[in-house]
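Colleague: What follows is each chain in one-letter form.
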Amino acid sequence: MASKETILKLAALISTDGCLTGNPKRLKIRFTNKAESLHKIFVELIKEVTGDKVGIVTFMNKDEVKTTEINSNRLTRFFRWLMTKNKLLPVHILEKSDERTLREVLKLMFSCDGSPVFTLKFDKRKKNLEKGQKNKICFKK
Amino acid sequence: MLLLQVAEMLKKLGLSPQISESEIIIEKKRDIDKFSKEIRFVEDVPMSKNSKWFGLSKNEVLDFIISSF
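So the protein sequences, as listed, match chains H and R. Numbering of the first sequence is given in the working numbering, commencing with residue 321 and proceeding in unit increments. Numbering of the second sequence is given in the working numbering, commencing with residue 30 and proceeding in unit increments.
Be aware that a few hints might be false.
The calculated label-pair distances, taken between Cβ atoms and stated as ranges, are [unchecked claim]:
| # | chain 1 | residue 1 | chain 2 | residue 2 | range |
| --- | --- | --- | --- | --- | --- |
| 1 | H | P344 | R | G84 | 41 to 49 Å |
| 2 | R | G84 | H | R397 | 22 to 30 Å |
| 3 | R | F83 | H | F379 | 17 to 25 Å |
| 4 | R | E56 | H | R397 | 35 to 43 Å |
| 5 | H | E356 | R | S65 | 38 to 46 Å |
| 6 | H | N393 | R | S45 | 38 to 46 Å |
| 7 | H | R346 | R | R59 | 31 to 39 Å |
| 8 | H | G434 | R | E56 | 16 to 24 Å |
| 9 | R | K81 | H | R346 | 39 to 47 Å |
| 10 | R | R59 | H | G434 | 34 to 42 Å |
Simulated pairs of lysine to any residue, SDA-like, Cα-Cα distance not exceeding 20 Å [unchecked claim]:
| # | chain 1 | residue 1 | chain 2 | residue 2 |
| --- | --- | --- | --- | --- |
| 11 | R | K81 | H | T341 |
| 12 | R | K66 | H | C458 |
| 13 | H | K324 | R | L31 |
| 14 | H | K460 | R | S96 |
| 15 | H | K360 | R | D73 |
| 16 | H | K460 | R | S97 |
| 17 | H | K345 | H | E415 |
| 18 | H | K460 | R | F98 |
| 19 | H | K460 | R | E50 |
| 20 | R | K66 | H | K345 |
| 21 | H | K324 | R | E56 |
Think of the hints as simulated: they come from the structure by calculation, not from any bench. A virtual CB, placed ideally from N, CA and C, is assigned to each residue, including glycine.
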């Protein structure tokens with residue numbers, strides 16, 4: 321049985337760069353991201369939850385972005401139920417989580433494609449960063 | 030709603046992010062510093078191809094931000 325922390329981390333990845341899809345007979349969890357390391361984490365979490373019992377397929381889409389697909393009706397139904405159709409993180413697990421778990425979940429969410437967007441001011445003449453400019457980290461989803 | 034959940038988690042960890050309709054922004058020096066020390070990014074996650082920082086990892090750019098203060 322997977323820990324609540326594992327399920328929350330997996331939900332974080334699915335809610336940011338994944339989707340629950342397929343027809344009613346063949347449901348899938350699909351994770352699409354450029355970073356190889358995130359795919360490895362995703363697969364490890366899936367194996368922790370299922371005990372190595374599901375089919376995992378990886379391929380590149382037409383934009384050469386890697387996709388990892390899990391063919392599991394049971395797992396997809398479970399996450400649909402857990403996260404609701406709005407792709408929310410499971411609130412009851414989130415509220416009971418400790419700070420370490422929250423940090424890990426945020427690390428995963430901020431590491432997914434599209435977030436964060438860094439807007440650093442760069443001085444081309446000096447070839448370094450301008451001091452004291454408005455640097456920020458954004459989360460856009 | 031997902032944005033609000035992320036903002037809530039950041040607040041629980043003592044950060045004070047700004048929230049707009051479509052994004053959460055962490056821009057205070059104290060918050061970026063805390064983010065860098067306590068959260069960071071997964072190692073080797075690259076910057077996007079559209080970014081002028083393409084070729085570097087997100088953590089490397091984060092360290093640039095910290096060194097620019």
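Colleague: Evaluate each hint against the coordinates.
Modeller: Here is what the structure says about each hint:
Checking the proposed 41 to 49 Å range against P344/H and G84/R shows it holds: the Cβ atoms sit about 44 Å from each other. In this structure, G84/R and R397/H break the distance hint of 22 to 30 Å, their C-beta atoms being roughly 41 Å apart. Taking 17 to 25 Å as the suggested C-beta distance range, the pair F83/R and F379/H conforms, at roughly 24 Å. The given range of 35 to 43 Å is respected by E56/R and R397/H, whose C-beta atoms sit roughly 40 Å from each other.
For the hinted restraint 38 to 46 Å between E356/H and S65/R, the CB-CB distance of approximately 23 Å leaves it violated. With their beta carbons about 43 Å apart, N393/H and S45/R fall inside the hinted range of 38 to 46 Å. The hinted range of 31 to 39 Å is not satisfied by R346/H and R59/R, whose Cβ atoms lie roughly 49 Å apart. The hinted range of 16 to 24 Å is satisfied by G434/H and E56/R, whose Cβ atoms lie roughly 18 Å apart.
The given range of 39 to 47 Å is respected by K81/R and R346/H, whose C-beta atoms sit roughly 42 Å from each other. A hinted range of 34 to 42 Å for the beta carbons of R59/R and G434/H is inconsistent with their spacing of about 25 Å. In summary, the hint linking K81/R to T341/H is not supported, as the alpha carbons are separated by about 34 Å, beyond the 20 Å threshold. Restraint check: the Cα-Cα separation between K66/R and C458/H comes to about 17 Å, which is no more than 20 Å; the hinted pair holds.
Note on K324/H and L31/R: the hinted pairing holds, with a Cα-Cα distance of about 19 Å set against a maximum of 20 Å. As the CA atoms of K460/H and S96/R are separated by approximately 24 Å, the hinted pair breaks the 20 Å bound. For the proposed pair K360/H and D73/R, the alpha carbon gap of about 12 Å is at most 20 Å, so the pair holds. Only pairs whose Cα atoms come within 20 Å are accepted, and K460/H paired with S97/R is rejected, the gap being roughly 23 Å.
The hinted pair formed by K345/H and E415/H fails the criterion: a straight-line CA distance of about 34 Å is larger than 20 Å. With a CA separation close to 24 Å, the supplied pair K460/H and F98/R exceeds the 20 Å bound. Our distance criterion of 20 Å between C-alpha atoms is met by K460/H and E50/R, whose separation comes to about 10 Å. Of the pairs offered as hints, the one joining K66/R and K345/H is violated, with about 46 Å between alpha carbons and a cut-off of 20 Å exceeded.
Among the hinted pairs, K324/H with E56/R is inconsistent with the structure: their alpha-carbon atoms are about 31 Å apart, more than 20 Å.
The structure is inconsistent with the numbered hints 2, 5, 7, 10, 11, 14, 16, 17, 18, 20, 21, although it conforms to all the rest.
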